[in-house]
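S.K.: Working from the sequences, and respecting the hints, build out all of it.
What follows is each chain in one-letter form.
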Amino acid sequence: MKKKPGRKITPLSIFYVFGASIWFVAAAFPFYFTLISSFKEDPEIFRNFIALPVKFHFENYVMAEKMSGIIRATINSLIVSIAAIAIMIFVIVMASYVISRKRIPFSGGISAFLIAALMIPIQSTIVPIVQMVSAIGQRDNLTVLTIIYAGLNTSLVFFVMKNYIDGISREIDEAAVIDGCSMLQLVFRIIVPIAKPSIATCSIVSFLSIYNEYPIANVLISKQSLKTISVALLNFKGNFGTFFSINFAAIIISIIPTVVFYILAQEKVEKSITSGAIKG
Amino acid sequence: MQYKLFGKKYPVEGILMLLPILLLYGIVIIYPLFNMVYTSFFEWSGIVSVPYKFVGLDNYIAFFTDFYTMTAFKNILILIVTGVIFTIPISFFLATVINKKFFGLRAVKTFYFLPVVINRVAIGLMFTFIFFPQTGPFPVILSMLGIANNVNILGNINTAMWGVAFVNTWNDAGFQMIIFSSGMASIPDDIYEAAEIDGVTPWQKLIYITLPMMKSTFKIVLVFILTGAFKVFDLIMALTSGGPGSATQVPSTLLYKNAFTFSKFGYADSIAVLTVVLCLLITYMINHFFRTKSA
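Chain order of the listed sequences is A and B.
Using the numbering used here, read the first sequence as starting at 1 and increasing by one per residue.
Using the numbering used here, read the second sequence as starting at 1 and increasing by one per residue.
The hints are simulated quantities; they were obtained by calculation from the structure and are not laboratory data.
Quick caveat, the model's predicted, so the values are computed rather than measured.
Beta carbons: idealized from backbone N, C-alpha and C, even for Gly.
Possibly wrong hints are sitting among the right ones.
[To be verified] The calculated BS3-like cross-link candidates involving lysine-lysine, where the alpha carbons are at most 27 angstroms apart (straight line), are:
id, chain 1, residue 1, chain 2, residue 2
1, A, LYS268, B, LYS231
2, B, LYS205, B, LYS101
3, B, LYS257, A, LYS237
4, B, LYS257, A, LYS223
5, B, LYS8, A, LYS102
6, B, LYS219, B, LYS74
7, B, LYS101, A, LYS271
8, B, LYS9, A, LYS102
9, A, LYS268, B, LYS100
10, A, LYS271, B, LYS100
11, A, LYS66, A, LYS237
12, B, LYS100, B, LYS205
13, B, LYS219, A, LYS268
14, A, LYS196, A, LYS268
15, B, LYS53, B, LYS257
16, A, LYS271, A, LYS196
17, A, LYS268, B, LYS101
18, B, LYS101, B, LYS215
19, B, LYS231, B, LYS215
20, B, LYS219, B, LYS100
21, A, LYS196, A, LYS102
22, B, LYS205, B, LYS215
23, B, LYS4, A, LYS102
24, B, LYS219, B, LYS205
25, A, LYS55, A, LYS66
26, B, LYS215, B, LYS100
27, A, LYS223, A, LYS66
28, A, LYS271, B, LYS219
29, B, LYS215, A, LYS268
30, B, LYS231, B, LYS74
31, A, LYS237, A, LYS223
32, B, LYS215, A, LYS271
33, A, LYS237, B, LYS231
34, B, LYS231, A, LYS271
35, A, LYS237, A, LYS55
36, B, LYS257, B, LYS74
37, B, LYS257, B, LYS231
[Unchecked claim] If you anchor each label on the Cβ, the simulated ranges turn out as follows:
id, chain 1, residue 1, chain 2, residue 2, range
38, A, THR242, B, PHE93, 32 to 40 angstroms
39, A, VAL62, B, PRO20, 42 to 50 angstroms
40, B, ILE61, A, SER182, 55 to 63 angstroms
M.R.: Here you go:
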């Protein structure tokens with residue numbers, strides 16, 4: 001499969017194909033195993049890891065939802081992620097424009113200030129964040145969680161966005177100003193459409209990190225109906241760890257959104273993660 | 001509307017448009033960071049009405065004398081070592097695979113990369129079943145190969161952390177692969193063409209062209225592997241929650257446990273401060289090392 005036509009078969013190329021295939025199997029097997037097991041009956045799972053289920057037990061999925069509200073949690077996570085990204089993009093695009101075009105005193109200093117947290121592992125601030133939220137008595141509040149998520153990736157997103165806006169020609173701004181555009185209109189009517197690729201990159205990177213976030217949500221959210229996906233999933237293991245097939249069904253439900261998202265926009269997701277990583 | 005500062009005119013809207021992000025960033029990042037450093041010098045139970053008790057450097061001293069600290073750093077070391085000797089070669093190899101053109105490339109690349117976009121908790125849970133004592137796929141394969149019988153990888157103090165490191169490598173390889181791959185793609189083709197005319201073997205190409213040209217990529221990957229080891233949290237919580245005993249504790253899980261189980265907030269914050277300082281130091285050292293080497 002991986003051999004180019006007309007190329008000689010050498011021990012090296014055999015080793016190469018072998019290595020590539022091994023990792024392919026190693027990477028794909030856990031997903032395959034989880035998927036087939038989610039349709040099996042418990043005793044059947046460990047009897048044969050490779051065979052398809054004798055009978056497809058779709059009721060495992062119904063049970064997973066009934067026992068832990070895993071679908072509810074998935075929806076919560078999706079809503080929180082999308083809202084957080086919307087807020088984040090809205091405030092950061094405005095700020096990036098203002099700073100990029102030096103429409104504010106000390107723009108260099110403010111820019112450095114906003115990028116300062118880039119190298120700091122943000123998870124380490126979890127204790128003070130939880131402290132702060134508890135102090136205002138707003139645990140179990142998804143709006144508060146959304147706002148925290150909106151701010152967590154500030155440094156990276158601002159950095160990527162400002163670089164992109166720096167590269168947009170100023171002549172476009174000037175033309176818009178002559179036409180009587182206010183600065184706010186200018187940003188949302190002119191800059192945002194041009195900066196779409198950069199907005200997409202930032203949204204993708206942030207979506208994956210916010211949707212999958214676990215530690216902060218785990219401490220802040222304890223009400224069943226408000227749980228996000230990571231929290232619901234891990235509680236599931238604690239409460240119903242011995243119901244194997246239902247566990248597998250819960251795992252599959254929880255990973256569907258990101259897998260679909262990735263498969264729909266593969267190239268873009270890969271590029272975004274690369275550029276997010278290398279710039280950060 | 002405009003205002004003047006140092007003889008320059010600025011529009012008022014500029015300030016209004018900057019204000020939201022400054023507020024958000026201040027509340028979510030900057031204030032917690034300062035609060036973290038501040039609290040790390042106090043003893044505090046996390047109850048708002050209880051006042052802070054100043055203890056100076058006691059929290060830091062406690063950390064270095066804590067019984068679990070040694071385990072936590074040993075485990076970080078395991079993650080780093082497996083990252084360097086397994087994740088880097090594997091992901092480099094995978095990058096060379098996906099930079100070729102062959103039938104089925106898309107499918108192969110998808111599965112290589114898929115672990116990166118998946119929830120770490122879900123991955124951890126998947127692997128608790130793969131490692132399932134005796135009857136799980138991993139122990140069964142081991143006994144089929146005659147390596148070991150009836151192993152309980154995550155339940156054994158001696159093997160649990162290696163199990164975590166294995167999953168971490170599995171999880172991380174796709175991410176490093178995509179970074180290596182973009183580094184490889186940025187090497188101009190004409191260099192290889194020139195080398196081919198000179199009759200260079202594939203092996204020489206790798207040693208004398210690809211590797212030296214990818215120095216900055218290696219630097220990035222190394223920073224990710226070393227600082228990434230400190231960020232492994234979700235995986236451990238899902239796989240072992242730090243157990244058995246304290247065999248798979250790392251600084252991030254210790255921090256979490258001390259804060260939210262034992263209510264030792266000052267102590268937890270001192271762990272956080274040390275983690276941040278260590279990560280910055282590692283990043284600085286790697287950058288410094290690569291700079292002096294290239295000079």
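S.K.: Each of the hints needs a verdict: does it hold here or not?
M.R.: Status of the hints after comparison with the structure:
{"no.": "1", "hint": "LYS268(A) x LYS231(B)", "verdict": "holds, 25 angstroms"}
{"no.": "2", "hint": "LYS205(B) x LYS101(B)", "verdict": "holds, 18 angstroms"}
{"no.": "3", "hint": "LYS257(B) x LYS237(A)", "verdict": "holds, 19 angstroms"}
{"no.": "4", "hint": "LYS257(B) x LYS223(A)", "verdict": "holds, 21 angstroms"}
{"no.": "5", "hint": "LYS8(B) x LYS102(A)", "verdict": "holds, 11 angstroms"}
{"no.": "6", "hint": "LYS219(B) x LYS74(B)", "verdict": "holds, 23 angstroms"}
{"no.": "7", "hint": "LYS101(B) x LYS271(A)", "verdict": "holds, 18 angstroms"}
{"no.": "8", "hint": "LYS9(B) x LYS102(A)", "verdict": "holds, 11 angstroms"}
{"no.": "9", "hint": "LYS268(A) x LYS100(B)", "verdict": "holds, 19 angstroms"}
{"no.": "10", "hint": "LYS271(A) x LYS100(B)", "verdict": "holds, 17 angstroms"}
{"no.": "11", "hint": "LYS66(A) x LYS237(A)", "verdict": "holds, 15 angstroms"}
{"no.": "12", "hint": "LYS100(B) x LYS205(B)", "verdict": "holds, 15 angstroms"}
{"no.": "13", "hint": "LYS219(B) x LYS268(A)", "verdict": "holds, 24 angstroms"}
{"no.": "14", "hint": "LYS196(A) x LYS268(A)", "verdict": "holds, 12 angstroms"}
{"no.": "15", "hint": "LYS53(B) x LYS257(B)", "verdict": "holds, 21 angstroms"}
{"no.": "16", "hint": "LYS271(A) x LYS196(A)", "verdict": "holds, 14 angstroms"}
{"no.": "17", "hint": "LYS268(A) x LYS101(B)", "verdict": "holds, 19 angstroms"}
{"no.": "18", "hint": "LYS101(B) x LYS215(B)", "verdict": "holds, 24 angstroms"}
{"no.": "19", "hint": "LYS231(B) x LYS215(B)", "verdict": "holds, 24 angstroms"}
{"no.": "20", "hint": "LYS219(B) x LYS100(B)", "verdict": "holds, 24 angstroms"}
{"no.": "21", "hint": "LYS196(A) x LYS102(A)", "verdict": "holds, 22 angstroms"}
{"no.": "22", "hint": "LYS205(B) x LYS215(B)", "verdict": "holds, 15 angstroms"}
{"no.": "23", "hint": "LYS4(B) x LYS102(A)", "verdict": "holds, 14 angstroms"}
{"no.": "24", "hint": "LYS219(B) x LYS205(B)", "verdict": "holds, 20 angstroms"}
{"no.": "25", "hint": "LYS55(A) x LYS66(A)", "verdict": "holds, 21 angstroms"}
{"no.": "26", "hint": "LYS215(B) x LYS100(B)", "verdict": "holds, 21 angstroms"}
{"no.": "27", "hint": "LYS223(A) x LYS66(A)", "verdict": "holds, 16 angstroms"}
{"no.": "28", "hint": "LYS271(A) x LYS219(B)", "verdict": "holds, 19 angstroms"}
{"no.": "29", "hint": "LYS215(B) x LYS268(A)", "verdict": "holds, 25 angstroms"}
{"no.": "30", "hint": "LYS231(B) x LYS74(B)", "verdict": "holds, 15 angstroms"}
{"no.": "31", "hint": "LYS237(A) x LYS223(A)", "verdict": "holds, 17 angstroms"}
{"no.": "32", "hint": "LYS215(B) x LYS271(A)", "verdict": "holds, 20 angstroms"}
{"no.": "33", "hint": "LYS237(A) x LYS231(B)", "verdict": "holds, 22 angstroms"}
{"no.": "34", "hint": "LYS231(B) x LYS271(A)", "verdict": "holds, 23 angstroms"}
{"no.": "35", "hint": "LYS237(A) x LYS55(A)", "verdict": "holds, 25 angstroms"}
{"no.": "36", "hint": "LYS257(B) x LYS74(B)", "verdict": "holds, 18 angstroms"}
{"no.": "37", "hint": "LYS257(B) x LYS231(B)", "verdict": "holds, 15 angstroms"}
{"no.": "38", "hint": "THR242(A) x PHE93(B): 32 to 40 angstroms", "verdict": "holds, 39 angstroms"}
{"no.": "39", "hint": "VAL62(A) x PRO20(B): 42 to 50 angstroms", "verdict": "holds, 43 angstroms"}
{"no.": "40", "hint": "ILE61(B) x SER182(A): 55 to 63 angstroms", "verdict": "holds, 58 angstroms"}
Violated hints: none; the structure is consistent with every hint.
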